[in-house]
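Chemist: Turn these sequences into a full structure, and let the hints guide you.
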Amino acid sequence: MGSYLLRRILYAGLTFLGITLATFTLIHIVPGDPISFLIGHAGVATIPPATLEAIRHDFHLDEPLPVQYLWWLRGAITLDFGRSIVDRRSVTDRILEKLPRTLQLNAIAVLLAALLGIPIGLWSATRSGRPVERASAVLFFLLYSLPSFWVALLLMEFLSVRLGILPLIGMTSDNYLELDTAGRIADRLRHLVLPVLTLMYAQLAIFARFSKSALTEVIRQDFITTARAKGAGEGAVLWHHALRNALIPLITLFGLTIPYLISGSVIVETIFQWDGIGLLYYDSILSRDYPTVMGLTVATALFTLVASVISDVLYAFADPRVRLGEAAT
Amino acid sequence: MNRPEIWKRYRRSRLATFALFYVAFMTLIALLSPLFPIDPDAIDLRSRLLPPHEGHLLGTDDLGRDVFARMLHGARVSLTVGFFATLISVVIGSFFGAIAGYYGGAADWIVSRIIEVVLCFPFLFLVLGIVALFRPSLYTLMIALGLTTWTNEARYVRAEFLRIREAEFAQAARASGARDARIIFRHLLPNAIAPVLVSASFGVAFAILTESALSFLGLGVPLPTASWGSILSTARENINYAWWLVLFPGLAIFTTVAAFNVIGERVRDALDPRSE
Chain A
30 MGSYLLRRIL YAGLTFLGIT LATFTLIHIV PGDPISFLIG HAGVATIPPA
80 TLEAIRHDFH LDEPLPVQYL WWLRGAITLD FGRSIVDRRS VTDRILEKLP
130 RTLQLNAIAV LLAALLGIPI GLWSATRSGR PVERASAVLF FLLYSLPSFW
180 VALLLMEFLS VRLGILPLIG MTSDNYLELD TAGRIADRLR HLVLPVLTLM
230 YAQLAIFARF SKSALTEVIR QDFITTARAK GAGEGAVLWH HALRNALIPL
280 ITLFGLTIPY LISGSVIVET IFQWDGIGLL YYDSILSRDY PTVMGLTVAT
330 ALFTLVASVI SDVLYAFADP RVRLGEAAT
Chain B
14 MNRPEIWKRY RRSRLATFAL FYVAFMTLIA LLSPLFPIDP DAIDLRSRLL
64 PPHEGHLLGT DDLGRDVFAR MLHGARVSLT VGFFATLISV VIGSFFGAIA
114 GYYGGAADWI VSRIIEVVLC FPFLFLVLGI VALFRPSLYT LMIALGLTTW
164 TNEARYVRAE FLRIREAEFA QAARASGARD ARIIFRHLLP NAIAPVLVSA
214 SFGVAFAILT ESALSFLGLG VPLPTASWGS ILSTARENIN YAWWLVLFPG
264 LAIFTTVAAF NVIGERVRDA LDPRSE
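Note that the protein sequences, when read in sequence, are chains A and B. Counting in our numbering, the first sequence runs from 30 upward without gaps. Counting in our numbering, the second sequence runs from 14 upward without gaps.
Hints in this document: simulated from the structure, not taken from any laboratory. These numbers were taken from a predicted model, which means no experiment stands behind them. Nothing false has been slipped in among the hints.
Covered stretches of chain A (in silico footprint by chain B; criterion: 3 or more residues with CB under 8 Å from a CB of chain B, positions within the stretch not fixed): (1) 41-49; (2) 172-184; (3) 298-311; (4) 329-335.
Glycine included, C-beta positions come from ideal geometry on N, C-alpha and C.
Modeler: Shown next as structure tokens:
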């Protein structure tokens, strides 16, 4: 276990270097001087050459590229991504301010999707080949192909515009501050419904498909046949033998879905004007706020990296074949 | 399994056969859309936001443009992006996958680390970032999508190469003195094409979905070029009454994406001897 853990963390370190190198390269293959990249050509024209030289020195732009990369790497390690062009605040502070809102939205969506999707997937695996299983497979497939921004529009159209039972956009109503505590909670929950629904249906389909194929895979294996041959009832076979083996791979799914969730947040948060990091990224792209764009890109990649290391380690804990198998190769 | 056999297994699913015809139909529309007599970009402010009627089969948008003409043109944009982005991603993915699978060892290790790095980035961040850093255009979009989605193809090709690199025909090619490049591209790659087809089909679906999402957000194909996503984004401002702006482009994206997904799924099942 120790050596597996060590290797996994070592690889994560390499991946981290790769992430920073990729982002650094991306900044530097864009045509133009980094200063004009940061403040625009018009801004550069107004600065006296001596000041410009001083700025270049301050930002280490007069040093060779590898040295510049090391400076940039130092910033990334200490989570210092500079200041936003929009409001001059530290990029890290801006991200930390908005992150909890995105996490709240995604945590609720993933939890609901898992609670619904996994049982449905497992259930349909035990009905293999029957009409109900085939129908549910097609249904999940179609669910997976639905564009989330269209679903969001349809939900808004029917539930907000036509029926008027849910708020259209935002995280709270205009009169939020006048409400009492119960009213505030209700108001927040009502604003959560549409974004959560939009985020969760694709996740639900993924959970259902993944758990279904995981269980189907396990049921095919010899030890299940053995259990059946020993006379164990079908329920006991599923519950004691198959289920545990089928659910372990789900641990990796949690790590893998994070980048997809963050990607989905850009769309959902923009449509519903949910003030999280997805909307921050979208606004930063529109206002050409490159420090924030780069900071968010590296920060979310790091977040994904940490999550995938954690889920891999948990997986190795749960399934000895992983760590022993790795050691053998 | 030989090819007619796979095709026979494929056709056993009526839904998948229909999906194939649907994709062919959409491709035809995309190819023929410039022949349609109504200009998709012609603005007519006297006929803004008209519901579907004889003159405008699918109504008009907020600038009085004919939605049917814009839908036809949107098919062209979506399928172009879908096919070419996937082509780029298949080329990059096959290259990395082939090298990793054929040489193994250090090459495999390096490719695996590169894939790991790419997978850490939230996909939409990368695409949006690339599109925004460079000038947004149809080409930037296709390149950005291709550069960020090749990891699936690479993994498929790598797995297939690991399986067939010691096959008899590969050994025969080696014994006859063929160079590595020749063995990889002439002998192994054509035999690894089936799984690539599966992931390419999913890839087209994903690229179409992403293009329409970006165009919906106003960061995809630049205006006034019509795309299904940009028609939907005009619906966003007129959601109270212009239902036709919501329904038709959404249905077009959904059905096209679903068709490519169904095809990919079915090809995978048809290739898998364990299924059915």
